[in-house]
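**Student:** Protein sequence lines, in the order shown, are assigned to chains L and W.
Numbers 1 to 265, taken from this note's numbering, label the letters of the first sequence in order.
Numbers 1 to 181, taken from this note's numbering, label the letters of the second sequence in order.
For the record, the hints were derived by calculation from the structure and aren't laboratory data.
Treat each hint with caution, since some may be false.
Think about it this way: if two alpha-carbon atoms lie no more than 27 Å apart in a straight line, the pair counts; the simulated DSS-like pairs of lysine-lysine are [stated by the list, open to error]: (1) L:Lys47 with L:Lys92; (2) L:Lys48 with W:Lys177; (3) W:Lys177 with L:Lys46; (4) W:Lys84 with W:Lys136; (5) L:Lys47 with W:Lys177; (6) L:Lys46 with W:Lys171; (7) W:Lys68 with W:Lys128.
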Amino acid sequence: MPENAAAIPPVEETALPPSAETPDGYQVRLDVFEGPLDLLLFLIRKKKIDIHDIPIAAITRDYLGYLERKTEINLDREAEFLFIAALLIYIKSQMLLPRETDLAEGEDPRRVLVDRLVEYERIKAACSLLREREDVQILQWKRDFIPPLHGESELEPVELSLFDLAESFFLLMKRRAAENTRTIRGRDVSVEVKMKELVGLLQERHMIDFLEYFEAHASLEEALIAFFCILELVKSRVAVAVQDELFRTIRVWLRKDARRTAAHD
Amino acid sequence: MTDLKTLVEALIFVSQEPVTMERLQAVLEGVPAADIQSAVDGLVADTGAAGRGIHVIRVGGGWLFATKPDHDREVRKLLQIERKNRLSSAGLETLAAIAYRQPVTQSEVSAIRGVDSTGALKTLLEKKLIKIVGRKKAPGNPLVYRTSDEFLLYLGLNSLDELPSEEEIAKILEEEKAVDA
Numbered sequence: 001m002p003e004n005a006a007a008i009p010p011v012e013e014t015a016l017p018p019s020a021e022t023p024d025g026y027q028v029r030l031d032v033f034e035g036p037l038d039l040l041l042f043l044i045r046k047k048k049i050d051i052h053d054i055p056i057a058a059i060t061r062d063y064l065g066y067l068e069r070k071t072e073i074n075l076d077r078e079a080e081f082l083f084i085a086a087l088l089i090y091i092k093s094q095m096l097l098p099r100e101t102d103l104a105e106g107e108d109p110r111r112v113l114v115d116r117l118v119e120y121e122r123i124k125a126a127c128s129l130l131r132e133r134e135d136v137q138i139l140q141w142k143r144d145f146i147p148p149l150h151g152e153s154e155l156e157p158v159e160l161s162l163f164d165l166a167e168s169f170f171l172l173m174k175r176r177a178a179e180n181t182r183t184i185r186g187r188d189v190s191v192e193v194k195m196k197e198l199v200g201l202l203q204e205r206h207m208i209d210f211l212e213y214f215e216a217h218a219s220l221e222e223a224l225i226a227f228f229c230i231l232e233l234v235k236s237r238v239a240v241a242v243q244d245e246l247f248r249t250i251r252v253w254l255r256k257d258a259r260r261t262a263a264h265d
Numbered sequence: 001m002t003d004l005k006t007l008v009e010a011l012i013f014v015s016q017e018p019v020t021m022e023r024l025q026a027v028l029e030g031v032p033a034a035d036i037q038s039a040v041d042g043l044v045a046d047t048g049a050a051g052r053g054i055h056v057i058r059v060g061g062g063w064l065f066a067t068k069p070d071h072d073r074e075v076r077k078l079l080q081i082e083r084k085n086r087l088s089s090a091g092l093e094t095l096a097a098i099a100y101r102q103p104v105t106q107s108e109v110s111a112i113r114g115v116d117s118t119g120a121l122k123t124l125l126e127k128k129l130i131k132i133v134g135r136k137k138a139p140g141n142p143l144v145y146r147t148s149d150e151f152l153l154y155l156g157l158n159s160l161d162e163l164p165s166e167e168e169i170a171k172i173l174e175e176e177k178a179v180d181a
């Protein structure tokens, strides 16, 4: 479920900070609020209301005012805002009901809401303290948090030698020769052109599957040229060929430091 | 005899998680805890001084090497991490709710925030800042969440006791009200 603030379009283009005031009150973008409780807290603070003695009617009016300004509806978020609106109206109705005996201390119908607001307010305050801590810690890199330079690797990848690559290639060619007895006239492909194509592909996809890549070639000649290109790239340390474990597919990607230079070649 | 301080430094260096006093004592059999403590203190002071790019910090209940904050920009450049990955405000709010109310379920967190928190929980799980510790014996047997050891490391805490206290939170709230007034 989308929870990010961007899910709801701005109510008022001009009201970027939540406190921009206009003659008819404050203009607020709902999306700057984390949720309905955040909006309620904002309204309560703005009116300098004691959280333990909320004038429900006035707050409800303000609250609904914000909801009405919205032009588009996002059901996920809407429901959460409407739920609190319903709660506000319910509380008001409870307060209006005539009772035979006065409510005891702690029996205020507003209690359910106040408890939630107080708790939420404390979590929000804790957040600002935790954010300060985060900002300090995030600058100090610990080895535990340093991502591996080559990205995804729960498996221990093995860097392959040229011989491993060649072996795979000949195996593949043998397989191909066995199933393909027709003679196909290949296109004329130069190493230079193929090299460009391959580097482009590596840059675009970041990684290619060795076998898949060769299978995709129509002619033996072209596949052979592609293979030479890969050998060349690995030899000149522009690309890396890696096998996650024995008998698994071989993947080829550009070395990170080579990515930029390769782009210029 | 080897210098205890350099020995401790080596032990902390090779560890990817905070090295606790207990671990140090287990390795350095027979060395009095007080001696280890003063060696660590000396190391923290030495590496904390100017002229070093890394320092030993106390975090997660132990000690760990970390780069100094001044070098953040270049470190990120080396690691090819363009921007600081701060938590989103939804993420942080969810994390705070869990930290203070743990063990909690998804619906409890959502109730505290007034917002469905399924997505935020998932992100926090992926970041390993929270963990599933079981199921609650309640209708639907919902999953129960707690903060992880990584959470402590992430915020530079040694234990959950170091979370901002009631007093600190009350102080923040008063300050905020003073600003509003």
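**Student:** For each hint, tell me whether it holds in the structure or not.
**Tutor:** Comparing the hints with the structure gives:
1. L:Lys47 with L:Lys92: Holds - the C-alpha atoms of Lys92 of chain L and Lys47 of chain L are around 19 Å apart, at most 27 Å.
2. L:Lys48 with W:Lys177: 9 Å, holds
3. W:Lys177 with L:Lys46: It holds: about 10 Å lies between the C-alpha atoms, which stays within 27 Å.
4. W:Lys84 with W:Lys136: Since the Cα atoms of Lys84 of chain W and Lys136 of chain W sit roughly 36 Å apart, the hinted pair is violated (cutoff 27 Å).
5. L:Lys47 with W:Lys177: Distance of about 11 Å is within 27 Å: holds.
6. L:Lys46 with W:Lys171: The given pair, whose Cα atoms are some 19 Å apart, holds under the 27 Å limit.
7. W:Lys68 with W:Lys128: 24 Å, holds
Of the numbered hints given earlier, the model fails hint 4 alone.
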